[in-house]
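For chain A, the structure is supplied; the task is to place chain B with the ligands on it using the hints.
So you can see what is in the structure, the chains are spelled out below.
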Amino acid sequence: MSALLSAPASETATVEPATVAARRRRGSGRWHRVGVRVLATAALLGLWQLLYSLRIWSPVLLPSPRAVWDALIRTSTTHDGTVGYQGHLLIEHLGISLQRIALGSVLGIAAGLAVGLLMGTLPWVRVVVEPWVTFVRALPPLAYFSLLIIWFGIDESPKVWLLAIAAMPPVAVATAAAVVGAPTALVEAARAMGARGWQVTTTVVLPAALPEIATGIRLAVGIAYSSLVAAETVNGMPGIGGMIRDAQTYLQSDVVILGLFAIGLSGLAIDGVLRAIERRLVPWRGRG
Amino acid sequence: MSSPLTGPPAGARAPAGGAPLSVRDVTHTYGRGATAVPALGPVSLEVPAGEFLVLVGPSGCGKSTLLRLIAGFEGPTGGQVRVGGEVPRPGRQAGVVFQQARLLPWRTVGGNVELALRLAGVPREQRAARVAELLDRVGLAGTAQRRTWEISGGQQQRVAIARALAGSTPLLLLDEPFAALDALTRERLQEDLRRVSAEAGTTSVFVTHSVDEAVFLATRVVVLTRSPGTVALDVPVDLPRSGLSPDELRGLPGYAALRAEIGAAVRSVAS
Ligand SMILES: Nc1ncnc2c1ncn2[C@@H]1O[C@H](COP(=O)(O)OP(=O)(O)OP(=O)(O)O)[C@@H](O)[C@H]1O
Ligand SMILES: [Mg+2]
Numbered sequence: 001m002s003a004l005l006s007a008p009a010s011e012t013a014t015v016e017p018a019t020v021a022a023r024r025r026r027g028s029g030r031w032h033r034v035g036v037r038v039l040a041t042a043a044l045l046g047l048w049q050l051l052y053s054l055r056i057w058s059p060v061l062l063p064s065p066r067a068v069w070d071a072l073i074r075t076s077t078t079h080d081g082t083v084g085y086q087g088h089l090l091i092e093h094l095g096i097s098l099q100r101i102a103l104g105s106v107l108g109i110a111a112g113l114a115v116g117l118l119m120g121t122l123p124w125v126r127v128v129v130e131p132w133v134t135f136v137r138a139l140p141p142l143a144y145f146s147l148l149i150i151w152f153g154i155d156e157s158p159k160v161w162l163l164a165i166a167a168m169p170p171v172a173v174a175t176a177a178a179v180v181g182a183p184t185a186l187v188e189a190a191r192a193m194g195a196r197g198w199q200v201t202t203t204v205v206l207p208a209a210l211p212e213i214a215t216g217i218r219l220a221v222g223i224a225y226s227s228l229v230a231a232e233t234v235n236g237m238p239g240i241g242g243m244i245r246d247a248q249t250y251l252q253s254d255v256v257i258l259g260l261f262a263i264g265l266s267g268l269a270i271d272g273v274l275r276a277i278e279r280r281l282v283p284w285r286g287r288g
Numbered sequence: 001m002s003s004p005l006t007g008p009p010a011g012a013r014a015p016a017g018g019a020p021l022s023v024r025d026v027t028h029t030y031g032r033g034a035t036a037v038p039a040l041g042p043v044s045l046e047v048p049a050g051e052f053l054v055l056v057g058p059s060g061c062g063k064s065t066l067l068r069l070i071a072g073f074e075g076p077t078g079g080q081v082r083v084g085g086e087v088p089r090p091g092r093q094a095g096v097v098f099q100q101a102r103l104l105p106w107r108t109v110g111g112n113v114e115l116a117l118r119l120a121g122v123p124r125e126q127r128a129a130r131v132a133e134l135l136d137r138v139g140l141a142g143t144a145q146r147r148t149w150e151i152s153g154g155q156q157q158r159v160a161i162a163r164a165l166a167g168s169t170p171l172l173l174l175d176e177p178f179a180a181l182d183a184l185t186r187e188r189l190q191e192d193l194r195r196v197s198a199e200a201g202t203t204s205v206f207v208t209h210s211v212d213e214a215v216f217l218a219t220r221v222v223v224l225t226r227s228p229g230t231v232a233l234d235v236p237v238d239l240p241r242s243g244l245s246p247d248e249l250r251g252l253p254g255y256a257a258l259r260a261e262i263g264a265a266v267r268s269v270a271s
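The listed protein sequences correspond, in order, to chains A and B. Take the first sequence: its letter number 256 is residue 256 in full-length UniProt numbering, and every next letter is one higher. Take the second sequence: its letter number 270 is residue 270 in full-length UniProt numbering, and every next letter is one higher.
Honestly, the hints are just simulated from the structure, not real lab data. C-beta: ideal position from N, C-alpha, C; glycine also. Errors might be hidden in some of the hints.
To be verified - Estimated spans, in silico, between C-beta atoms of each pair:
id: 1; chain 1: A; residue 1: Val125; chain 2: B; residue 2: Pro236; range: 50 to 58 Å
id: 2; chain 1: A; residue 1: Val136; chain 2: B; residue 2: Ala141; range: 49 to 57 Å
id: 3; chain 1: A; residue 1: Ala177; chain 2: B; residue 2: Thr35; range: 22 to 30 Å
id: 4; chain 1: A; residue 1: Val136; chain 2: B; residue 2: Pro38; range: 43 to 51 Å
id: 5; chain 1: A; residue 1: Val180; chain 2: B; residue 2: Gly251; range: 52 to 60 Å
id: 6; chain 1: B; residue 1: Gly263; chain 2: A; residue 2: Ala276; range: 52 to 60 Å
id: 7; chain 1: B; residue 1: Tyr30; chain 2: A; residue 2: Leu142; range: 25 to 33 Å
id: 8; chain 1: B; residue 1: Arg124; chain 2: A; residue 2: Asp271; range: 18 to 26 Å
id: 9; chain 1: B; residue 1: Leu184; chain 2: A; residue 2: Val128; range: 49 to 57 Å
id: 10; chain 1: A; residue 1: Arg196; chain 2: B; residue 2: Ala179; range: 23 to 31 Å
id: 11; chain 1: A; residue 1: Ala185; chain 2: B; residue 2: Gln126; range: 26 to 34 Å
id: 12; chain 1: B; residue 1: Asp25; chain 2: A; residue 2: Arg196; range: 50 to 58 Å
Excised from the complex, chain A in its bound form:
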């Protein structure tokens, strides 16, 4: 028995060090980025404090960083018998909102995947459904929220529906585009190995679509996030969006800004998590 097609040693030996070096470079790049960001944030805080000290605007319009910090402490503790903000700690407001976002995103993403897959595989579905997806995408969530409230009342369901509807289109569009654009070369390779029908979809089309689907999912969660305040306009307390609206009616700009930070920072954290998952799931991105 002969070792057929014997590879030259040089072909096998050289790969490892390059990968390690690349990994190290990526690592040092990360610390560099973190440093730059910390500095930029500090600079912004300084600017904020400076603007406040100049007293151009009244503290009601622009509270000091310190006031926002105090609002954080106030809403996160029980003081004088009051619990947090309007009976709920900040973390509870945030937690309930995150639950709504999670539920809405999961539903929206699942629907988007199904619709996108159908649009990508069946041309007539694409023809019929595509304008509607674009239509829904163009609507501001607050516009259909009224209808959802008429249909579902003022409890949790209209909020979750709103987030789901907002999250669905980007996933549908990304999935459909990725399925339609499945690399012919790889589809053919799979068919040459004997894959037929559904096997081609599962072995090539879906895995090849994963990077684009992952981007669609990140967009969807982002859109659900930015629709949160809309979803919590009616009966939104407890909820971070509800908290912001409530504070607005009492001109508590420090709580409003605190709420913005809570949404923004948790949004960043979740996007970071999604990106980490994406890197694990699609390590071949950009190297196809």
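Just chain B with the ligands now, with coordinates in the frame of chain A:
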């Protein structure tokens, strides 16, 4: 001593018997009406078992088209193609190696070969051993866990060959598989492929632009005319299939004569 390719194939898909490949009066036209492009033919070829047929011809003469018809990716617009007496269907009768390796990047090197085995119907419990054996045969032992983008172009093409062999098909189709490789790697792969096919007796159809590659690999060379390609020259290559080193083989007087004959034919169809 049993060669891995002649041993009982696990998951072989096509029945034995019948002329491995028969191409009769085949023509192929892309598109219809005003935009129709006659791409090939008429071409007739009978390819007996064990033959290593190399197709040479000017760019655009329909070599890839002919290979796609034999693979069953498309049906010919005229004439008939039969592999083992049957209408070819992709993934049934022929393993295919393309010009680019076309590995699935979300699978490891071993995972790519494993998928080919799975699609060929090899039972799960036999696959791991077969993956190792196939990778060993293409000189890639121990690389099963590697990512496809971590290995060189030559290694990727070796994986593609392992994948095409995985189906234990009676026919192997190769469309300029070494064209994108550097001269040294290409020579090494040519030597290895020549040895494999000589030992295994698989029937192969191999497309190339290189006259030297054609003479080196083939038991028969067919030169096609300019588009739409028809057979301009069909010569057997009666050189020893084994026992000679590549240099000895290239030093034979018959080798040089064939090179000259085929080279002249290629030049005359190209002008
Ligand atoms: N999918 C297609 N649609 C329309 N025309 C095509 C298609 N594929 C090939 N052709 C045309 O058919 C003819 C033969 O193409 P083919 O790819 O078979 O040539 P080839 O001999 O493989 O060329 P090369 O040596 O450059 O690879 C060419 O004129 C080409 O433009
Ligand atoms: Mg070609």
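Cross-check of the supplied hints:
1. A:Val125 / B:Pro236: 50 to 58 Å: At roughly 55 Å between Cβ atoms, Pro236 (chain B) and Val125 (chain A) fall inside 50 to 58 Å, so the hint holds.
2. A:Val136 / B:Ala141: 49 to 57 Å: holds (54 Å)
3. A:Ala177 / B:Thr35: 22 to 30 Å: holds (27 Å)
4. A:Val136 / B:Pro38: 43 to 51 Å: holds (48 Å)
5. A:Val180 / B:Gly251: 52 to 60 Å: holds (54 Å)
6. B:Gly263 / A:Ala276: 52 to 60 Å: holds (58 Å)
7. B:Tyr30 / A:Leu142: 25 to 33 Å: With a Cβ separation near 53 Å, Tyr30 (chain B) and Leu142 (chain A) fall outside 25 to 33 Å, so the hint is violated.
8. B:Arg124 / A:Asp271: 18 to 26 Å: The hinted range 18 to 26 Å is violated for Arg124 (chain B) and Asp271 (chain A), with Cβ atoms some 39 Å apart.
9. B:Leu184 / A:Val128: 49 to 57 Å: holds (56 Å)
10. A:Arg196 / B:Ala179: 23 to 31 Å: holds (29 Å)
11. A:Ala185 / B:Gln126: 26 to 34 Å: holds (29 Å)
12. B:Asp25 / A:Arg196: 50 to 58 Å: 29 Å Cβ-Cβ, so the 50 to 58 Å window is violated.
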